[in-house]
Each structure stands twice: as structure tokens, then as C-alpha cells.
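All chains should be built: construct the whole structure from the sequences, respecting the hints.
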Amino acid sequence: MRIFFRPLLRVISHSCTRCGGSLLPCSSTSVLRQSAAHLDHYPPFLGGVRHKSTQELSALFVPVPVEPAARVDGAADVGEEITGKLDREELLKALNLFYRRSEIKKLAEEHGLDTRLFHQAFISFRKYCAKSSSLPPELHILFSDLISGAGHIDDLFPYFLKHAKQCFPHLECMEDLRKISDLRSPANWYPEARLLRRKVIFHAGPTNSGKTYEAMEHFLRAKSGIYCGPLKLLASEVFHKTNGRGVKCDLITGEERRYADPEGNPSAHVACTVEMASSTNRYEVGIVDEIQMIRDNVRGWAWSRSVLGLCVDELHICGEGSAIELIREMLLDTGEDLEVKTYKRLTPLTVLDKPLQSMDNIQNGDCVVAFSKNDIYSISRQIEQRGMSCAVIYGGLPPGTKLAQAKNFNDPEHETNVLVATDAIGMGLNLNIKRVIFYSLLKPNVNEKGEKDIELLTTSQALQIAGRAGRFGTQYENGEVTTFRGEDLPTLKDILARSVDSIEAAGLHPTADQIELFAYHLPNATLSNLIDIFVSICQVDHSLYFMCNIEDFKFLADTIQHVPLPLKTRYAFCCAPISRKQPFVCSVFLKFARQFSRGDALTFEWVTAQLGWPFEVPQTIAELQHLENVFDVFDLYLWLSYRFTDMFPDAVPMRAAQKDLDKIIHEGVSQITKLILQQQSSENLEDIAKSSGGRDSYVVKKLRSAVNQMPRAGKAERSEPPVVVSTLRRPRGSSTKR
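For the sequence shown, my numbering gives the first residue as 66, with consecutive numbering after it.
Bear in mind the hints are in silico, worked out from the structure with no lab data behind them. Careful: at least some of the hints might be erroneous.
[What the hints assert, rightly or not] Within a straight-line C-alpha distance of at most 20 Å, the following computed SDA-like cross-link-like pairs (lysine to any residue) qualify: (1) Lys633 with Asp665; (2) Lys724 with Thr673; (3) Lys196 with Leu157; (4) Lys170 with Lys196; (5) Lys313 with Ser301; (6) Lys419 with Leu561; (7) Lys288 with Gly270.
[To be verified] Distance windows between CB atoms, simulated: (8) Ser250 with Pro201: 41 to 51 Å; (9) Pro130 with Ser608: 21 to 31 Å; (10) Leu261 with Val405: 13 to 23 Å; (11) Ala135 with Asp398: 49 to 59 Å; (12) Gln690 with Pro629: 32 to 42 Å; (13) Ser250 with Pro130: 31 to 41 Å; (14) Thr668 with Thr180: 52 to 62 Å; (15) Asn495 with Pro128: 56 to 66 Å; (16) Ser652 with Ile188: 36 to 46 Å; (17) Asp440 with Ala562: 24 to 34 Å; (18) His627 with Asn543: 57 to 67 Å.
C-beta atoms are modelled at their ideal positions from N, C-alpha and C, and glycine is treated no differently.
Structure below.
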């Protein structure tokens, strides 16, 4: 196989919008192993799980324009000198006869040209022949013979095929492309790990069973170690705990590097998001946490890579027992055995026989779980209308705000005594919850096609969330779980009573080196197009693996396709930790790419000018959501600053501004009921205006003026307590029934 290898830059990495982690997938080429500690891999290119049909595949190949041959000034046209000038009309008739022959179409199909490709190649060939001012001599002579009736029309095929291969370069290298995209043996992508005889231990158990604690004890006793977690919050917690135990440990996420050594010397221990784990650095102990995430449709590849690729003497895998058999099968390809340790929950968890039914029955220590922001806002208002203060946690909040909200809820002396949250509480936060109340059992999910579905909670999801109630070592060791609606309670009991379905397949991705080779063979294809082609022809062992979804990557690639950037740079930008469902963040992403392409540094002043910095405490829900998006823009800048230091030079002031923004968002969330009231007041006024048809515009203006004069949480008023939140304090655990 003829392969030309040009390694990508060592600075490219991939990140997730939830974890901020970064992947740098490994290469089998020794040149690529000379990289920095955590920048030795590249991001994934992931896609669907099935091969496309021949017609679907051919539709992915875009013809490369072939310019007509021009006569060189002063040079003789050899063909014309030998046979004379060609009659253009007769030449086109010969070409049309060639196109109509069924034998030619069959011959073209044998060379990889289906009906669609054959037609496009012929159109290009026809234009080339008709518009060229000087055809190659042998082709000119052949046309002269055909026009005079001396040759056979089929003799045109070798010239047509040569032209077709110029239009569609993949015709000459399809076999090479198939070999490059062979993903059936991912264990072989990590030669350093294969040189070791790793001891692999699976710590299987539910939440609050001590499984991760046991693995962490091995980590802390080891001379060196790496912890790989699903969230920045978890990695940060391990970072702080490890250093608190006197073991120097560094923190590595997609947007942050923190070293235990003040001088920045790397420590022997590392806590990182799973995407940022190195598969070339050697450690004594490695931990892969929350292994059930290996089935995640978007991020599963990161867990697969860690299981197969970590260079450790002891690999500790923590999570649900549903992944045991899958991991055992994966290790057959590595030649390693699996030792399983099972754990039981340390504290009891009781499914109550009564639903909550009314927010009047809310008690201190309760956590109401919902799966939409609208429900979160509605529940928060209902609870605070009853004189209780509630903390709010959902996935879009910055990590600092989540921690601050959790701290308020956990503090027995704080007025906040109820939690309203999404499944974001399932991992990464230590919460003193007495009772989990499911407001709904329906959860939005993204299916394999990248489409949004509303599905019933799985047993795994329900156990992960319900298991947060009753935490060992806290005042609420006896956890309880129920539903808000009575009709949901039998369903919840049924879900929790089932055994967790075994995980059947692990997420997978090709390496960036493979995509680089594709780009060499298909130089005119767009980045998004390269990914589609790769996914369409790649081979995967579907008994163990599936291809993850890459719609966000493709969306970003299409967004900046018109921006002039080198492939490596374009590739890095498209791995940025943002979602196509964030229009504002995507628009700033495009501005970043344009500024970068002009060679202009993205300074703090330039970026903040685009964002309208500084910000006030949000006065409406819409403003709060906008600030959450701005926070993600800061994350995007910091992520890119670690890949392109010269062009993103102001990481330090940007991080400081982001911390200030985190505090502003936290303050807005802390008075979320006031924001809801103001938004509803504004909406009611608009309804009045519409229904009055302008007749009562004077009254409406007066009402709007009164609303605008309501106390707002601006800079000068940040010390004021929320209007609706009660300041009464009650002992934790006491009832608040009315």
C-alpha cells in the first residue's frame, strides 16, 4: 500500500461541552510518539453505525474541476498538424455515441464509476474535449479517426478513464482508503500499552458503594498515577483531595492546566478529564471512572481509548457492573485478564409508597429532579412561593456556580434547604440529599442519528439519580426516592426493580492520522466531506464497537468552510467544545476563525468588545441564559489558547473575567424566582398590549414603567437579598408542610 504520512501538529485536541476534556488519539507511527505528556493524541472523527449504499457513498464524492487544455504560445499543435482541425459538432456526436453505449457503462462500473459518477465524469470529459484549444496529440488523432469512420468508439475509454480519475481521485486509491479506515482492531492503536502486562481490576457497584474510594486508595499509595473522570468537577475534586493528602497532583482539562509545583514542573500524579488522558506516559496506577459512559453515543470513544490505551501497571475501572462482560471481551484483544470486585451500597435507599403530589409537601433535604429548564424554573418558583429557598443545578451552569449552589444546599446553617436539579447531579457533586423526587420520568435523549427523542428513563439513569439520596457519613444516610405524580410511582418502582441492561458495545473513532491520510488522497474534499467518506467506508467490529456521533464536528466544519485556514488548523477549530445547538456561541466561533485567518491575535480587548463586557447581574431568564452562553465562549477561548498560544495570548485575563462572570451567574441563579416574576410581568404586559389593540396604550405604558422601576439586581444592589426568598432558617430535616 502506498501511504504518505505527514503527522499533524502536536497541539490539536478534542473537548466535550460537558467535561471540557480533550482527546489526542494515538498513532501507530513512531514519529508521533515524540510528543508532550498530555498532547500525544488527536480528536475523534465519529459517525453513524452502518455502511452507506453504493449510491449514498458515490454522492459523497464531489468532482474536481479539470481545466481545458490550452495551447502554449508559440508551440505547435501536433495533432492538428497531423490530421487537421477537428469539426467540433462531429466531435460532440462521437462523444454522445460513446456515452450511450451500454458496454461502456458496464466497463466504467467495473472501474468504480456507478451511474452518477459516470455521468459527472462524462460531462467533465465532454467539456474538456470541446473547449480545449489543444488536445493531447494521441486523443486528437483518435477523434479524427472516429469522425472519419476509421476507428472504434470504445477506443475512447482509456482517455475517458484517465480523465475520470482526475475528476474523482478516490478511484485510484479506493483500496488504500479502505485499508486506512479499517477500525476492526483498535487495541493495536496503542503499541506502548501492548508492551505492558497490565493488571486490570473492575470495581463494580451502585452509587455510594465505595468503589471509587477503594480505587483512589491504590492511586494515592502509588508512586505515580492518572485519574480519568467524565467531568471537570470530578477531576478537580480528585486534584484537591490528592494534594490535600500530601500527594502532589496536577489537573488537566481541555481549558485548564494546574500544577501542584509552583514552578510548573509536572507531578507524578495527574487528575484529568478522560478525553485528556495520555496513552504514552507511563504510570503505576490508572483509574477510569464511570465506565458505563463507554456506551455514550457522543463521548464513548474516550473511555474505549482509556481502557485499551493507558500505559499503567494497574488499571482500575470503576462503574456499573453492566460493563463487565464488554470490558472482558475488549481485553481478549489485549491478552489481559479481568479481576472483578463487587460492592454494595453503604446506606439504604427506600422507594416510598406515596408520591409528593403537591409542592406543599416539600421538606428540607429534598431534591426535585426535572429534565427541562422550563420545569426547573417553574418548580423553583413554586417552592419559593411557599417560603423556602432552593438551590438550582442544571447542565448549562458554570462549574463554579454548580459548586456554590451545592455548597449552599449542603450547609445546614444556610437558608437554602431544597434542591431543584436535572440529571447534572448524577456525577461530580457531593450532595446531602434526603429524598429524590422525580418530577417526570421522561428525558430528552439524542439518538444514534443525532436526533432528539423523548424517552422513558432507563434503569441505569434512574439508579444513578436516585442513588444520590442518602450519602454515607452525612445526616441523611437513609435515602428515599419517589415521584411527584401518583401515576408515575408504579412506573418508577418497575424501572428501579429491573436489572441494568448489559452494555453491548463501546464507542469508537478513527485516529486523526487516518483522516490526514484521507486528506492527502482526496485533497479537494472539504473536512466535513472527508469525515462522511471515512465513516461510510470504514470497517468496525460491530460485535464490540460502534461509531460515535460527530454532527457537532461536521456542523462546525461546514460553518468555517469558507474561511481560509490550513487543514490542521481547521481540524483543531472544529474539535472545539461547543454544540451546534448554541447559535450565539457558534457565531462567535466563526468570528474567532475569521480573525485567526487574517493573522490577527485574538486579544482580551477584542474578544470582550464582541461580547459586550462587563456584564450586570441578569434581570431576566433570557439574560441569564445569554450569560451562560458567554461563559461557554470564554471556555472556547481558553480551549483554543492551549492549542494556539500566540494567537490567543490573553488566557490569564480571560480566566479572571470568566471567574467574575461565574459569580454574576451564581447571583442570578440565586434569585431565579425574581427573574421569573419579572419575565412573566413583561410577558403579561405584552399580552395586554396585544389584546387592547392600542386603545389602552397609556395604561400599558404606566404598567411597564412600574415594572421597570422594580428593584433590580444591578451592580449597586448586589448586596440586597432576593425579593421572594424567605430568610427564615429551619433545622435541617424539619417539615415545612402548610
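CB-CB spacing for Thr180 and Thr668 relative to the 52 to 62 Å hint
For Thr668 and Thr180 the Cβ distance comes to about 54 Å; the hint holds.
Below or equal to 20 Å on CA atoms is what counts here, so check Lys170 against Lys196.
violated (24 Å)
Leu261 versus Val405 beta-carbon gap, inside 13 to 23 Å or not:
holds (20 Å)
Taking 24 to 34 Å as the hint, is the beta-carbon distance of Asp440 and Ala562 inside that range?
holds (26 Å)
Could you check the hint for me, namely that Ser250 and Pro130 are 31 to 41 Å apart, CB to CB?
Given a distance of about 38 Å, which is inside 31 to 41 Å, the answer is holds.
Cβ distance range 57 to 67 Å for His627 and Asn543, holds or violated
Distance hint for His627, Asn543 holds at roughly 60 Å.
For Lys724 and Thr673, compute the direct alpha-carbon distance and say whether it is at most 20 Å.
Answer holds: Lys724 to Thr673 is near 14 Å, not above 20 Å.
Does the alpha-carbon distance linking Lys288 and Gly270 stay inside the 20 Å limit?
It is violated: about 27 Å lies between the C-alpha atoms, which goes past 20 Å.
Go ahead and decide if the range 32 to 42 Å is satisfied by the Cβ distance of Gln690 to Pro629.
The hinted range 32 to 42 Å holds for Gln690 and Pro629, with Cβ atoms some 33 Å apart.
Does the structure keep Lys633 and Asp665 at a Cα separation of 20 Å or less?
holds (18 Å)
Lying within 21 to 31 Å: is that true of the beta-carbon distance Pro130 to Ser608?
violated (43 Å)
Do the beta carbons of Ser652 and Ile188 sit within 36 to 46 Å of each other?
holds (38 Å)
Hint violations for this structure: numbers 4, 7 and 9, all remaining hints satisfied.
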